[in-house]
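Here the protein sequences come in this chain order: A and B. When the first sequence is numbered by our numbering, its final residue is 465 and no position is left out of the sequence of numbers. When the second sequence is numbered by our numbering, its final residue is 465 and no position is left out of the sequence of numbers.
In short, the hints are calculated from the structure, not lab data. Model, not experiment: these values are computed from the prediction. The beta carbon of each residue, even a glycine, is placed where N, CA and C say it ideally should be. Be careful, since some hints might not be right.
Here are a few chain A residues that sit away from chain B, every Cβ distance over 10 Å (derived from the structure) [to be verified]: (1) GLY396; (2) GLU426; (3) GLU430; (4) VAL435; (5) GLU436.
Non-contacting residues of chain B with respect to chain A, defined by C-beta distances greater than 12 Å in every case (computed) [stated by the list, open to error]: (6) SER407; (7) SER408; (8) SER411; (9) THR412; (10) ALA424; (11) ARG425; (12) ARG427; (13) TYR428; (14) ALA429; (15) GLU430; (16) PRO432; (17) VAL435.
One-sided excerpt, in silico: chain B residues whose CB lies under 7 Å from chain A [said to hold, decoys possible]: (18) VAL371; (19) MET372; (20) SER376; (21) LEU449; (22) PRO452; (23) LEU453; (24) TRP456; (25) VAL457.
What follows is each chain in one-letter form.
Number of protein chains: 2
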Amino acid sequence: MSENARATAEGVDAASEDRTCYCPLGGVMDLLSRNYAIQVICVVGTLRPVRYGEIEATFGEVSSSTLSTRLNELTEAGMLARERYAEIPPRVEYDLTTDGEELCELLLPLLRWVEDRGPSEQ
Amino acid sequence: MSENARATAEGVDAASEDRTCYCPLGGVMDLLSRNYAIQVICVVGTLRPVRYGEIEATFGEVSSSTLSTRLNELTEAGMLARERYAEIPPRVEYDLTTDGEELCELLLPLLRWVEDRGPSEQ
DNA sequence: CAGAATCCATTCGGATACTG
DNA sequence: CAGTATCCGAATGGATTCTG
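All chains, full assembly: derive it from the sequences and hints.
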């Protein structure tokens with residue numbers, strides 16, 4: 344979107360036409376609204392590269408199925424890269440892709456801001 | 344665009360030391376993961392002050408119940424302020440609170456980034 | 001106009017159990 | 001260790017209807 348897309352009182356009637364529409368969120372926005380998705384990005388970005396177990400430990404309460412699903416979704420969306428090492432015991436490392444890095448840079452400030460205000464009194 | 348998009352790998356690496364736990368997402372994170380929540384913040388931030396009908400028009404497809412719910416949640420969370428005018432026909436204007444402004448500043452770059460990469464990716 | 005209330009299909013995610 | 005598969009209750013959000 345461009346800076347000149349400024350909204351004025353007159354822009355009201357053109358609301359349904361010209362104006363930037365944030366509605367059709369891409370698949371990424373959709374993914375980010377899933378449980379722990381944003382946190383996963385940030386955890387990987389903070390501990391990269393990081394193993395599955397570490398991520399799981401970071402969120403003590405998440406179920407493996409949920410975390411696994413989130414990891415797969417973000418990997419398929421091109422935000423995470425999964426490196427599998429043929430060792431015994433198996434080792435898998437997650438890291439951010441270039442896109443993931445960009446996203447993480449945008450997400451970390453958000454998370455920090457949320458933390459700073461603490462558990463708000465609603 | 345802004346220059347602060349230059350955190351680079353250094354910022355990420357530096358954070359590798361601390362083990363901040365992002366798990367306990369505050370109520371705000373929870374709200375943001377709801378449908379259209381992030382977009383609502385950004386739409387209000389862009390068109391402020393904005394009437395209910397305008398917001399609804401911006402998202403052509405959202406149902407009034409969903410939008411209304413989101414608006415209430417964000418208002419109660421202190422991100423939005425609702426001003427009701429005793430006129431006929433009734434007029435209600437939504438605006439960002441101070442907190443909402445801060446949040447919007449963090450969210451807009453995210454939305455722009457998502458838009459820029461488009462839905463064509465993968 | 002700006003919603004609130006209700007109903008309900010769909011989705012989401014936790015628990016559990018099981019593999020390579 | 002690093003997941004996947006399955007089951008199922010909980011939460012979500014759309015459609016519809018109604019109101020000040």
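Quick rundown of the hints versus the structure:
1. GLY396: Given a closest Cβ separation of 14 Å, the condition holds.
2. GLU426: holds, 17 Å
3. GLU430: Its Cβ never comes within 10 Å of chain B, the nearest being 23 Å, so this holds.
4. VAL435: holds, 19 Å
5. GLU436: Consistent with the label, A:GLU436 stays out of reach of chain B, its closest Cβ about 14 Å off (over 10 Å).
6. SER407: holds, 15 Å
7. SER408: At about 16 Å from chain A, B:SER408 clears the 12 Å cut-off, so the statement holds.
8. SER411: holds, 16 Å
9. THR412: Nearest chain A Cβ is 15 Å from B:THR412, so the label holds.
10. ALA424: The claim holds: B:ALA424 sits with its nearest Cβ about 15 Å from chain A, beyond 12 Å.
11. ARG425: Non-interface label on B:ARG425 holds, nearest chain A Cβ at 16 Å vs cutoff 12 Å.
12. ARG427: With a cut-off of 12 Å, B:ARG427 remains clear of chain A, as the shortest Cβ separation is near 18 Å.
13. TYR428: Holds, because the least Cβ-Cβ distance between B:TYR428 and chain A comes to about 15 Å, which exceeds 12 Å.
14. ALA429: The claim holds: B:ALA429 sits with its nearest Cβ about 21 Å from chain A, beyond 12 Å.
15. GLU430: holds, 16 Å
16. PRO432: B:PRO432 is indeed farther than 12 Å from all Cβ atoms of chain A, at 15 Å.
17. VAL435: holds, 14 Å
18. VAL371: holds, 5 Å
19. MET372: holds, 5 Å
20. SER376: Holds, because the Cβ-Cβ distance from B:SER376 to chain A comes to roughly 4 Å (cut-off 7 Å).
21. LEU449: holds, 5 Å
22. PRO452: Given a least distance of 5 Å, the restraint on B:PRO452 holds.
23. LEU453: holds, 5 Å
24. TRP456: Given a least distance of 6 Å, the restraint on B:TRP456 holds.
25. VAL457: It holds, given that the least Cβ distance between B:VAL457 and chain A is near 5 Å, below 7 Å.
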